[in-house]
Amino acid sequence: MFMSFTAVVGSVELGLIYAILALGVFLSFRTLNTPDLTVDGSIVTGSAVSAVVCSTLGSPVLGLLLSFVAGGLAGAVTALLNTKLKIEALLAGILVMLGLYSVNLRILGGRANIPLTQSPTIYKNARSVLNTPYSGCLIGIGVLILVIILFYLFLNTRLGFALRATGDNEYMVRSAGVDSSAMRLLGISLSNAFVGLAGGMLAQYQSTADINMGTGMVVIGLASVIIGEAVFGVIFRNMPLLLRLFAVAAGAVLYRLVLAVALNSGMPSTDLKLTSAVIVTIALASGAVSDMLPGRKKKKTILGQGDVSVRGSSSVPSSRRNPARSSSAGENSGKDGE
Amino acid sequence: MLKIQNLSKRFNIGTVNERIALNDLNLTVREGEFITIIGSNGAGKSTLMNCISGVERADSGRIYLDTMDITRLPEHRRSRYIGRVFQDPMKGTAFDMTIEQNLAIAACKNKSRGFQKGITKKDREEFRQRLSLLGMGLEDRMTQKVKLLSGGQRQALTLFMAVLSGPKLLLLDEHTAALDPGTAKKVLDLTDRFADSNSMCTLMITHNMSDALAHGSRTILMDSGRIIMDLKGRDRDNMTVEMLVEQFDIANDRMLLK
Chain A
1 MFMSFTAVVG SVELGLIYAI LALGVFLSFR TLNTPDLTVD GSIVTGSAVS AVVCSTLGSP
61 VLGLLLSFVA GGLAGAVTAL LNTKLKIEAL LAGILVMLGL YSVNLRILGG RANIPLTQSP
121 TIYKNARSVL NTPYSGCLIG IGVLILVIIL FYLFLNTRLG FALRATGDNE YMVRSAGVDS
181 SAMRLLGISL SNAFVGLAGG MLAQYQSTAD INMGTGMVVI GLASVIIGEA VFGVIFRNMP
241 LLLRLFAVAA GAVLYRLVLA VALNSGMPST DLKLTSAVIV TIALASGAVS DMLPGRKKKK
301 TILGQGDVSV RGSSSVPSSR RNPARSSSAG ENSGKDGE
Chain B
1 MLKIQNLSKR FNIGTVNERI ALNDLNLTVR EGEFITIIGS NGAGKSTLMN CISGVERADS
61 GRIYLDTMDI TRLPEHRRSR YIGRVFQDPM KGTAFDMTIE QNLAIAACKN KSRGFQKGIT
121 KKDREEFRQR LSLLGMGLED RMTQKVKLLS GGQRQALTLF MAVLSGPKLL LLDEHTAALD
181 PGTAKKVLDL TDRFADSNSM CTLMITHNMS DALAHGSRTI LMDSGRIIMD LKGRDRDNMT
241 VEMLVEQFDI ANDRMLLK
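Heads up: the sequence lines are chains A and B, in that order.
When we follow this note's numbering, the leftmost residue of the first sequence carries the number 1, and every step to the right adds one.
When we follow this note's numbering, the leftmost residue of the second sequence carries the number 1, and every step to the right adds one.
In short, the hints are calculated from the structure, not lab data.
Virtual Cβ for every residue (Gly too), placed ideally from N, Cα, C.
No false leads were slipped in.
Computed spacing ranges between beta-carbons, pair by pair:
#, chain 1, residue 1, chain 2, residue 2, range
1, B, 137, A, 133, 54 to 64 Å
2, B, 64, A, 105, 50 to 60 Å
3, B, 80, A, 117, 49 to 59 Å
4, B, 132, A, 157, 22 to 32 Å
5, A, 231, B, 143, 22 to 32 Å
6, A, 86, B, 72, 16 to 26 Å
7, B, 137, A, 265, 52 to 62 Å
8, A, 8, B, 74, 46 to 56 Å
9, A, 289, B, 12, 39 to 49 Å
10, B, 80, A, 278, 49 to 59 Å
11, B, 77, A, 157, 19 to 29 Å
Only chain A is shown next, with the shape it has when bound in the complex:
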């Protein structure tokens, strides 16, 4: 049952990379309220680009930057299919994910994988410079914190506000003079850019990029988001945005740790995907199950739209206090618009 210390460190290192993936998934699923399945493809794109740059140009940092860009481009295609061609977001993501398989193979030069054992990676570089067994963690934390801060600052710009509001209410956004399609394009691109970056990190961490590494990544990202929110939600009742981003990142690390414990307790690694699916199912179902229990408060549903209205606390309109003069108003309770 007890894991070796190296196994724990390894899980944390991996978790820190998956945290970037989780932030990307958070942006599409939560902020934009759009289920985006491009992720399974774009993470491979990021990792393939990163591996190619590392092995040919020998520049791991450039590799990461380009994997960010490549992931973003993949997301842009999905967003354009969705907004311009009116293909449903879910389907658009699946289409791009499918198409990316061939694209990724091309990036990998027709091979199923590129090994990086002979090439420089940021992890190898960090190990030689920092000279501690935690260099992998430190690199992961460094990149992750940079990503979280930039992401947070972005979400608090005018542009970021418009993006967040698009996920909330497109009518409002359009009537405020914002092109909601452009916001979707921006959001889904940025989301997949994060995913691409995570892929790039993953390739360098594992010293290989593999065409099949993307399967189930959406689920892992979503699991991290849900686990992080659930765990931190118990501690903090109302999470401000920055804390929420950290919660999502922490969720990814926790997820890896939980998996590591499961593997360590004798589960064969071939059952990994099933375990992932079960963990996510449990996390998703917890809301519905706790609703069934009597006397429990409603929990958030998958897309964060859970009925969390706080009736009674603040909903007495001030006009109630002044007796209404006109009795003719409100005769039409307006159930049907035209």
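Position chain B relative to chain A; hints supplied.
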């Protein structure tokens, strides 16, 4: 000034369900004018608003706002000049964002949206000051999420956001229909104040005949995609709800008021 020329719109063209929503409609709204629009369901009132705001594209005809031809302008571009309040209180605000964030989004209508700070201290002060004029206590709840507000408070906020950046035109599509009578009254009072204090045009759809006559300076009645009555000045002053109902024999439950 809003000028609508020969506007037509049909739905389900070429099917058995083809329906004429707007039939060669003409309307000129003078600057500062506040028009109330009445008409039975399916008369084309909402389609008219949707064509003006860009939600729907008209089949033919032209729409001018001041000297601009906005007929083909996409919805979000028109929104820079047009403020809107919908019937559904959920539609006008971003529910999971705070009051001040909503205001900041509305206040940026005519500004570039880049990497500038979403809300500055100065914005906050200004919002607080202007919100306090509503007399709804919203200025003390600026950092609360909009989903915590009641329907009436949301409509008041949406109305405030609609006029925040000084639009040329305000479109109100039954914006008090979902509210209780007292709240509806309050929101209508606010509407009067905003419509009066700006030099903008206001169009308000209502199913409430007495509201239609009590607010604004002109009332039009629509039927089958046309304007069949245009009341203003003394004719309008002398008009009563009973006469209005009688005169046009409006046989619609929703229009029959005490």
